[in-house]
Amino acid sequence: MHLNFDYLVVGSGATGAIAAKTLVDKGVQVGLLDIGEEDNVYKDLIPNTDFLSIRKKDTEQHRYFLGDQFEGIPWETTRVGSQLTPPRSFLTRFSEAFFPFDSESFQPLESAAKGGLGGGWGLGSYVFSKLELEAVGLSDYEINASYKEIMDYIGVSGIYDDGGKYGLGSNKKIQPAMKLDVNHQKILKAYQKNKYKLNKNDIYVGQSVLALLTEDKLNRKAVQYRDMGFWSDTNKSAYRSWMTIDELNKKPNFKYHKNCLVTKFEEFDGGVRVFVKRTDTNEIQLYTCKKLILSPGVLGTARIVSRSFDYKKEKLPILCNPYSYMPCINRRQLGKKVDQHQTSFAQLVMYLDDQKNNFDVGVAALFSYRSLLLFKLIKETPLNFADARIIMQFLQSSFTIAGIHHPEKGSDNKFISLTKDKDSYTGDKLVGQYILSEKELFKNKNREKKFKSALTTLGCYPMKTIQTPAGGSIHYGGTLPFSENNELFHVLKNGKLGGTKNIYVADGSGFKYLPAKGVTLTLMANANRVAKNVLKNE
Amino acid sequence: MITDSLNDIEGVYSREAELFTAYLVSSPLNEREKKLYNKAMIHFDLKLSNFEKELLKKMMKSNINMATVDAGLAILKPSSLVRRKLFTMLAILEASPNYTSHFFSKEYSWSYYFKLLYVGVRAVCRTIAGVFIVKKIERKCI
Numbered sequence: 003m004h005l006n007f008d009y010l011v012v013g014s015g016a017t018g019a020i021a022a023k024t025l026v027d028k029g030v031q032v033g034l035l036d037i038g039e040e041d042n043v044y045k046d047l048i049p050n051t052d053f054l055s056i057r058k059k060d061t062e063q064h065r066y067f068l069g070d071q072f073e074g075i076p077w078e079t080t081r082v083g084s085q086l087t088p089p090r091s092f093l094t095r096f097s098e099a100f101f102p103f104d105s106e107s108f109q110p111l112e113s114a115a116k117g118g119l120g121g122g123w124g125l126g127s128y129v130f131s132k133l134e135l136e137a138v139g140l141s142d143y144e145i146n147a148s149y150k151e152i153m154d155y156i157g158v159s160g161i162y163d164d165g166g167k168y169g170l171g172s173n174k175k176i177q178p179a180m181k182l183d184v185n186h187q188k189i190l191k192a193y194q195k196n197k198y199k200l201n202k203n204d205i206y207v208g209q210s211v212l213a214l215l216t217e218d219k220l221n222r223k224a225v226q227y228r229d230m231g232f233w234s235d236t237n238k239s240a241y242r243s244w245m246t247i248d249e250l251n252k253k254p255n256f257k258y259h260k261n262c263l264v265t266k267f268e269e270f271d272g273g274v275r276v277f278v279k280r281t282d283t284n285e286i287q288l289y290t291c292k293k294l295i296l297s298p299g300v301l302g303t304a305r306i307v308s309r310s311f312d313y314k315k316e317k318l319p320i321l322c323n324p325y326s327y328m329p330c331i332n333r334r335q336l337g338k339k340v341d342q343h344q345t346s347f348a349q350l351v352m353y354l355d356d357q358k359n360n361f362d363v364g365v366a367a368l369f370s371y372r373s374l375l376l377f378k379l380i381k382e383t384p385l386n387f388a389d390a391r392i393i394m395q396f397l398q399s400s401f402t403i404a405g406i407h408h409p410e411k412g413s414d415n416k417f418i419s420l421t422k423d424k425d426s427y428t429g430d431k432l433v434g435q436y437i438l439s440e441k442e443l444f445k446n447k448n449r450e451k452k453f454k455s456a457l458t459t460l461g462c463y464p465m466k467t468i469q470t471p472a473g474g475s476i477h478y479g480g481t482l483p484f485s486e487n488n489e490l491f492h493v494l495k496n497g498k499l500g501g502t503k504n505i506y507v508a509d510g511s512g513f514k515y516l517p518a519k520g521v522t523l524t525l526m527a528n529a530n531r532v533a534k535n536v537l538k539n540e
Numbered sequence: 029m030i031t032d033s034l035n036d037i038e039g040v041y042s043r044e045a046e047l048f049t050a051y052l053v054s055s056p057l058n059e060r061e062k063k064l065y066n067k068a069m070i071h072f073d074l075k076l077s078n079f080e081k082e083l084l085k086k087m088m089k090s091n092i093n094m095a096t097v098d099a100g101l102a103i104l105k106p107s108s109l110v111r112r113k114l115f116t117m118l119a120i121l122e123a124s125p126n127y128t129s130h131f132f133s134k135e136y137s138w139s140y141y142f143k144l145l146y147v148g149v150r151a152v153c154r155t156i157a158g159v160f161i162v163k164k165i166e167r168k169c170i
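Here the protein sequences come in this chain order: C and U. So in the numbering used here, spot 377 of the first sequence is number 379, and the numbers just go up one at a time. So in the numbering used here, spot 16 of the second sequence is number 44, and the numbers just go up one at a time.
One chain only, chain C, in its complex shape (with noise of 0.2 Å):
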């Protein structure tokens, strides 16, 4: 039987992408199915100038700053993807169509897009503890090989400091961390004032590990601090996968097919046939490979494997960082004028080790807060909209975004479960419920009292707590978890589906526990790991 592919790849995210460039560079045939929409609205629109400029210029602004149909004028309150702007909205476009999910308790975020929600990643890149990885089921030795390899191919700046061991392991060999703005900077001088009573409450503090370029990599330029990051990615100073998707496509052993919904495999001797729907036409696809490699997100692998193995299982456990933040006021920056260079990127990074031994550790990422507009800001005040403008131009310099992510574990009253459903697009669709414990909900209001108590002691005065809805961290995991044993509904350690002979997982289904540490980079790591798995043909 004539094969169409030697390898597939579903899905074009950070896990697609890596897995798919990892393949391509040994050599071997490769094709990558995604649905790929794309912003063909505003990114031409956006001048390649800084913030303020434009600002103060463009007269054109309000249709990517508010966008055309005016959807950057949030009014339902949002709470989770503030950073999904206009020009980011098309991250999201149709995934309420194409990926329908029904759920109470749960509101995960799915990309149709080029480059998937990696489009919108905030970029901090964390390479996890030993412990961390054990927990999460992965061999430290295999995964930091291709933490070194993806590390140097996206390009990782940052600094070894105090946030060095919870960072970067032992990859020291990264490009200079970006310049912090003032805000920041007052921030970590108070830290190193007051270090000793907070490494004494396990507090430590230290420059981001963004996947950003201070110094120019091949056609990518270094950080020009223009506080775009959130509107358009010019440079391509921030690594997005799409990157490398428009890398390989120069290859001639890549193929990259759009608009294909991938819906379920079949196994047959010697391959694997992939049922596809093409989301432009409607029609039924058939493709054939040696290897399939699903990397469309955790939800989406779900739904793949569970359509597969006709919905033989009822629940899939999953796994989903809790996430809150803590608008604060930087009480040494009031009533200050702000840098006119900076970036939208978290700049600090706080750590709480309170086990001392880099596991479960607590993060919150620091932010300063200008280019999202100071009138989503004066929205949420109790205020009249007239006053509170005018208290809020002052604040504005002070203002610091603490965004606290907290450990993950996973529980029974966390899973997902694909069920029928005539009416959508797949017929079907994903249910599912996310209940945190008593005992997880003390964990984490504990901690954000520590990180409350840390930011006091730093200057910066929380305002208030927002808890997002489960679902809002946007990490997401655990659903076919690691197993030794080749049963369904598993994923192997060498990335194998469980059950299977040709089929591998590279994206975060496998994962175990989700730590605080962003979990982008780990799961680049594991995609690379997983595609040299492929090769091998364990």
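Source of the hints: derived by calculation from the structure; they are not laboratory data. In this text, all values refer to a predicted model and were calculated from it rather than measured experimentally. You may find that some hints are simply not true.
Stated by the list, open to error - Pairs of lysine-lysine, BS3-like flavour, derived with a Cα cap of 25 Å:
| id | chain 1 | residue 1 | chain 2 | residue 2 |
| --- | --- | --- | --- | --- |
| 1 | U | 134 | C | 191 |
| 2 | C | 454 | C | 167 |
| 3 | C | 58 | U | 62 |
| 4 | C | 58 | U | 63 |
| 5 | C | 257 | C | 238 |
Using the hints, position chain U against chain C.
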């Protein structure tokens, strides 16, 4: 006929936009932002309840009424469609080079703290009066 009624609606929206701008940033409104507010209102097509219509009517009478009703709503009904109209105007103003200076941070002198204190006290007074007015209008509409 249809054109006439569209002109009427646009006229109403334009009047709202002018008064909202005077209230929010104490400045006259430019044509470009007025058109944008019109476009946004036609797009959102907000269906105000009788109570909200009464509130809006009251607000349009003067700047002081605008501030007090807005302050009352901020506490009692922050999701009111009347506030959504104001919020849309606020967003349009912020995303316009003509009004950005009302949203940019500045280097403030210490004396500005007195202004802030005044604004804070005024905001509290407006809230107290606003709560009273909004409740009164609500009672009238039931």
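Evaluation of the provided hints:
1. With a CA separation close to 23 Å, the supplied pair residue 134/U and residue 191/C stays within the 25 Å bound.
2. Taking the CA atoms of residue 454/C and residue 167/C, the gap is near 23 Å; set against the 25 Å cutoff, the hint holds.
3. A threshold of 25 Å between alpha carbons decides the hint, and for residue 58/C with residue 62/U the separation of about 19 Å falls inside it, so the pair holds.
4. Between the alpha carbons of residue 58/C and residue 63/U the distance comes to roughly 20 Å, so the proposed pair stays at or under 25 Å and holds.
5. Restraint check: the Cα-Cα separation between residue 257/C and residue 238/C comes to about 23 Å, which is no more than 25 Å; the hinted pair holds.
Hint violations for this structure: none, all hints satisfied.
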